[in-house]
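Q: Chains as they are written, first to last, in the numbering used here: chain A, 1 to 219; chain B, 1 to 183.
Just so you know, these hints were derived from the structure itself, not from any lab.
The beta-carbon is built from N, C-alpha and C at its ideal position, and this holds for glycine as well.
Some hints could be false.
Over 10 Å on every C-beta distance to chain B, these chain A residues come out as not near it, computed from the model [said to hold, decoys possible]:
| id | residue |
| --- | --- |
| 1 | Trp45 |
| 2 | Ala48 |
| 3 | Val76 |
| 4 | Gln96 |
| 5 | Ala106 |
| 6 | Pro107 |
| 7 | Gln112 |
| 8 | Ala157 |
| 9 | Gly164 |
| 10 | Ile167 |
| 11 | Val169 |
| 12 | Leu172 |
| 13 | His180 |
| 14 | Arg189 |
| 15 | Ile213 |
| 16 | Phe216 |
Restricting the straight-line Cα-Cα distance to at most 27 Å, the calculated cross-link-like pairs of lysine-lysine (DSSO-like) are [claimed, not checked]:
| id | chain 1 | residue 1 | chain 2 | residue 2 |
| --- | --- | --- | --- | --- |
| 17 | B | Lys174 | B | Lys39 |
| 18 | A | Lys113 | B | Lys39 |
| 19 | A | Lys16 | B | Lys39 |
| 20 | A | Lys7 | B | Lys174 |
| 21 | A | Lys11 | B | Lys39 |
| 22 | A | Lys101 | A | Lys113 |
| 23 | A | Lys101 | A | Lys120 |
| 24 | B | Lys39 | A | Lys7 |
| 25 | A | Lys11 | B | Lys174 |
| 26 | B | Lys174 | A | Lys113 |
| 27 | A | Lys16 | B | Lys174 |
These are the residues of each chain, in order.
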Amino acid sequence: MELDDFKLAWKELDRKLDRQYKMDLLRFREERGKRMKSGLLPLVWGQALQMLFGLVCIVWGALFWMHYLDRAHLVVFGVIVHVYGIALIGCGAAMQALLAKTDYTAPVMTIQKRLASLRKTYIRTGLAVGLVWWLLWMPFVSMLLMTFFGADIYLHAPSMYVAGSAIGVAGLLATWGFYHWSRQPSRPRLAKLMEDSVTGVSLRRAQALLDEIAQFERE
Amino acid sequence: MDHSGVKSRQGDNAGNPPGEAARQRFEALLQAHRGIVYKVANTYCRNDEDRADLAQEIAVQLWRAFPGFDPQRSFSTWMYRIALNVAISQVRSNVPRQQNAVALDEQLHDVADERAADPEAAQRLRALDRLIAALEPLNRALLLLYLEERSYREIGEVLGLSETNVATKIARLKQRIRTDLAD
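Just need the whole structure built from these sequences, with the hints factored in.
A: This is the structure in structure tokens:
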């Protein structure tokens with residue numbers, strides 16, 4: 001069978017589909033808004049949640065540092081959380097803007113490439129936002145204890161911050177180092193395990209999409 | 001070019017308001033070109049529920065994009081772009097669900113009786129189904145447009161490729177099918 005032989009089957013399929021599907025495509029008028037099954041929905045919701053959390057960080061961080069202007073270390077903690085909140089909202093808003101600008105009327109290759117890049121950026125941003133918690137937990141815990149119990153642990157246990165910072169930096173470096181070490185060609189199984197568990201299947205899939213598009217262009 | 005029924009966005013001769021006129025034009029165009037939606041949904045989804053969802057999602061996106069549609073341009077090209085973009089995006093995020101799906105020809109209930117009468121047609125449909133299932137999403141789009149007998153220029157416009165590139169890809173697709181069927 002040649003490709004052109006499939007044209008006959010395609011015409012048969014066309015006729016049969018038209019007879020079989022009594023689906024009212026205009027039903028969407030009643031249903032639209034109630035559901036959107038786009039593959040981008042998790043991305044939209046993920047960003048929305050991230051932005052909401054960012055807003056909480058901004059409000060909490062700002063109120064905190066403004067309340068403790070007389071204590072430099074508490075101002076620093078508040079500003080860190082404040083800035084983290086701004087970064088979360090900034091990343092989320094930038095991603096939402098890119099998503100909103102997704103124009104399905106553009107050529108397939110253009111849109112698919114943009115969407116795949118967007119997914120990859122989204123996942124990488126998510127990783128960055130998560131990895132900073134190696135250090136961010138310290139101002140967060142300090143602010144929580146200060147806010148709810150009035151306990152300033154920096155005054156009572158400043159060495160905890162030195163140790164915490166050292167562990168955090170070491171943890172970040174170790175994560176980065178282990179990630180690159182595990183991706184050596186000599187350790188394919190470990191590399192796959194790392195991809196799945198640390199960076200997630202999503203990033204691998206996003207990269208696979210970009211590779212597939214690039215291959216389609218090359219062919 | 002295919003401008004079937006597209007008029008200006010200023011209302012219609014019956015005196016309907018512009019919004020209502022646009023809606024009626026859109027419905028007429030969607031009805032006239034519904035086959036594109038069905039075929040794209042069938043090409044990218046392997047079970048009835050997914051197909052219906054995808055067809056609805058395509059219709060929603062078409063309606064959202066309709067205000068920006070330029071009546072001077074081909075409606076079918078515009079529709080293929082949206083339908084394929086939505087379908088490819090959706091199929092990418094539904095990989096595990098797709099793997100548990102039922103084959104296309106098994107879903108065509110009314111085909112069953114005809115198969116008995118025309119086993120050759122049934123065999124052709126099965127072969128087509130296997131071919132579609134074996135292709136990656138972008139090659140499926142290429143195949144669909146080729147089987148729809150669209151010109152290389154239009155295929156290029158839909159996919160965002162040059163005519164030469166389309167010709168090369170179709171030649172490779174033909175070769176690949178020959179090789180696969182020979183194995």
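Q: For every hint, state whether the structure bears it out.
A: To see whether the hints hold, each was checked on the structure:
Under the 10 Å C-beta cut-off, the non-interface status given to tryptophan 45 of chain A relative to chain B holds; the minimum distance is some 13 Å. Distance check for alanine 48 of chain A against chain B: the nearest CB is about 17 Å away, which clears 10 Å, and the non-interface claim stands. Even its closest Cβ contact with chain B, about 42 Å, leaves valine 76 of chain A beyond 10 Å, as expected for a residue assigned away from the interface. The Cβ of glutamine 96 of chain A lies farther than 10 Å from every Cβ of chain B, with a closest approach of about 17 Å, so its non-interface assignment holds.
Distance to chain B contradicts alanine 106 of chain A as a non-interface residue, since its nearest Cβ pair spans about 7 Å, not more than 10 Å. Listed as a non-interface residue, proline 107 of chain A fails to keep its Cβ farther than 10 Å from every Cβ of chain B; the least gap is roughly 3 Å. For glutamine 112 of chain A, the shortest C-beta to C-beta distance to chain B comes to about 6 Å, within the 10 Å cut-off, and the non-interface label is violated. With a minimum CB-CB distance of about 47 Å to chain B, alanine 157 of chain A clears the 10 Å threshold, and the non-interface call stands.
The claim that glycine 164 of chain A is not at the interface with chain B holds, since no C-beta of that chain comes within 10 Å of its own (minimum 39 Å). The claim that isoleucine 167 of chain A is not at the interface with chain B holds, since no C-beta of that chain comes within 10 Å of its own (minimum 38 Å). At roughly 37 Å from the closest C-beta of chain B, the C-beta of valine 169 of chain A stays outside 10 Å, upholding its exclusion from the interface. Against the 10 Å criterion, leucine 172 of chain A stays outside the reach of chain B, whose nearest CB is about 31 Å from its own CB.
No Cβ of chain B approaches the Cβ of histidine 180 of chain A within 10 Å, the least distance being about 28 Å, so the stated non-interface status holds. For arginine 189 of chain A, the requirement that its beta carbon stay farther than 10 Å from each beta carbon of chain B is met, with the minimum near 22 Å. At roughly 7 Å from the closest C-beta of chain B, the C-beta of isoleucine 213 of chain A falls inside 10 Å, breaking its exclusion from the interface. Not every beta carbon of chain B lies more than 10 Å from that of phenylalanine 216 of chain A, the smallest distance being close to 4 Å; the non-interface claim is violated.
Between lysine 174 of chain B and lysine 39 of chain B, the direct Cα distance comes to roughly 21 Å. Compliance with the 27 Å bound is thereby established for this hinted pair. Distance check on the hinted pair: lysine 113 of chain A and lysine 39 of chain B sit about 23 Å apart at the alpha-carbon level, within 27 Å; holds. For the hint pairing lysine 16 of chain A with lysine 39 of chain B, the CA-to-CA distance comes to about 11 Å; that is within 27 Å, so the pair holds. As the CA atoms of lysine 7 of chain A and lysine 174 of chain B are separated by approximately 13 Å, the hinted pair is consistent with the 27 Å bound.
For the hint linking lysine 11 of chain A to lysine 39 of chain B, the alpha-carbon distance of about 11 Å falls within 27 Å, and the restraint holds. For a cut-off of 27 Å, the pair hint linking lysine 101 of chain A to lysine 113 of chain A stands: about 14 Å separates their Cα positions. The suggested pairing of lysine 101 of chain A with lysine 120 of chain A holds, with an alpha-carbon distance near 17 Å, which does not exceed 27 Å. Note on lysine 39 of chain B and lysine 7 of chain A: the hinted pairing holds, with a Cα-Cα distance of about 13 Å set against a maximum of 27 Å.
Our distance criterion of 27 Å between C-alpha atoms is met by lysine 11 of chain A and lysine 174 of chain B, whose separation comes to about 19 Å. As the CA atoms of lysine 174 of chain B and lysine 113 of chain A are separated by approximately 25 Å, the hinted pair is consistent with the 27 Å bound. Among the hinted pairs, lysine 16 of chain A with lysine 174 of chain B is consistent with the structure: their alpha-carbon atoms are about 25 Å apart, no more than 27 Å.
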